[in-house]
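Chains as they are written, first to last, in the numbering used here: chain A, 1 to 100; chain B, 101 to 265.
In short, the hints are calculated from the structure, not lab data.
Quick reminder that beta carbons are idealized off the backbone N, C-alpha and C, glycines included.
Some hints could be false.
[Stated by the list, open to error] One side of the interface only, derived from the structure: several residues of chain B facing chain A at Cβ under 8 Å:
1. N136
2. I230
3. L249
[Said to hold, decoys possible] Just so you have them, the derived chain A footprint on chain B, three or more residues with Cβ under 8 Å:
4. 139-152
5. 221-229
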Amino acid sequence: MVPESHYVALSAVLFALGVLGVLIRRNPLVIFMSIELMLNAANLALVAFGQRHGTPSGQVLVFFVMCVAAAEVAVGLAIIVSIFRMRRRLSVDDLSHLRY
Amino acid sequence: MALVTFWVLAILAVASAIGLLLRQNPIHGALFLVGNLATIAALFLTMRAEFLATAQVIVYAGAIAVLFVFAIMVLIPGKEETGPDPLRPQRWLAVPVVGFLALEVALALRSGQFQAPPRGQLVSGGIESIGRLLFTDYLFPFEVTSLLLLAAVVGVIALTRRGAA
Numbered sequence: 001m002v003p004e005s006h007y008v009a010l011s012a013v014l015f016a017l018g019v020l021g022v023l024i025r026r027n028p029l030v031i032f033m034s035i036e037l038m039l040n041a042a043n044l045a046l047v048a049f050g051q052r053h054g055t056p057s058g059q060v061l062v063f064f065v066m067c068v069a070a071a072e073v074a075v076g077l078a079i080i081v082s083i084f085r086m087r088r089r090l091s092v093d094d095l096s097h098l099r100y
Numbered sequence: 101m102a103l104v105t106f107w108v109l110a111i112l113a114v115a116s117a118i119g120l121l122l123r124q125n126p127i128h129g130a131l132f133l134v135g136n137l138a139t140i141a142a143l144f145l146t147m148r149a150e151f152l153a154t155a156q157v158i159v160y161a162g163a164i165a166v167l168f169v170f171a172i173m174v175l176i177p178g179k180e181e182t183g184p185d186p187l188r189p190q191r192w193l194a195v196p197v198v199g200f201l202a203l204e205v206a207l208a209l210r211s212g213q214f215q216a217p218p219r220g221q222l223v224s225g226g227i228e229s230i231g232r233l234l235f236t237d238y239l240f241p242f243e244v245t246s247l248l249l250l251a252a253v254v255g256v257i258a259l260t261r262r263g264a265a
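Put together the whole structure using the sequences plus the hints.
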């Protein structure tokens with residue numbers, strides 16, 4: 001059996017890669033995908049910790065995280081599409097004003 | 101055997117995450133994301149979280165990845181990160197910062213509170229145990245989730261309606 005610490009370490013690596021994606025990429029779509037990467041890393045850690053404590057509660061929490069991720073992606077992509085309609089460009093560095 | 105499976109899946113997950121970061125074309129990034137989500141579903145299976153592995157494939161690889169591909173289709177693909185990057189020196193700063201973050205997390209994981217004695221057997225995450233918890237202990241958060249999804253649907257319609265706002 002693989003010890004849970006392996007899974008938690010892998011989740012830490014994936015989370016760090018997600019943070020790196022948010023920091024170095026300029027395309028808001030890729031930034032969103034990196035956020036998905038971070039959410040998935042957190043899910044992996046939740047399942048691993050749930051198994052360590054011997055309860056499926058961690059997996060129920062992952063279920064809620066998935067629901068929130070679905071809602072977040074829908075709203076986020078809608079915002080990106082409407083920004084693109086307004087400005088015809090897509091780079092997060094252009095969006096430095098809190099108005100349009 | 102389980103250890104070999106874990107390492108193969110872990111290498112695949114990290115490689116697809118790095119691929120997502122490095123490819124300039126967002127549609128390639130979306131493909132790497134799907135690969136990453138699939139390997140994480142397989143990792144859920146190795147931890148006996150069968151229901152979550154199924155939900156992961158349906159929700160993430162199905163719904164969310166399709167949503168991403170649609171968004172890339174609506175926006176012009178491959179043309180986004182053109183032009184000189186005014187913040188290029190600052191971007192390189194991100195690599196040591198993230199390295200420091202990973203080191204910090206690794207140190208936190210090596211601390212005493214994560215060193216529990218290993219359990220002999222994994223808890224089954226089948227649909228029965230998850231559903232029982234979902235409709236007893238977690239009934240209120242479950243209902244709030246439906247409200248959240250409704251709010252997301254209404255918000256998306258309000259945001260993307262032409263002519264309004």
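For the hint on B:L249, does the least C-beta distance to chain A fall short of 8 Å?
Holds, about 6 Å.
### Task
Would you check chain A against the segment 139-152 of chain B, counting CB to CB pairs closer than 8 Å, and say if three or more residues qualify?
holds (count 9)
Check, residue by residue, whether the segment 221-229 of chain B contains three or more positions whose beta-carbon lies closer than 8 Å to a beta-carbon of chain A, and give the verdict. holds (count 5)
Quick check on the hint: B:N136 CB to chain A CB, less than 8 Å? Holds: closest Cβ of chain A sits about 7 Å from B:N136, inside 8 Å.
Take the shortest C-beta to C-beta distance between B:I230 and chain A; is it under 8 Å?
This interface hint holds because 6 Å falls under the 8 Å limit.
The structure fails none of the hints (numbered hints given earlier).
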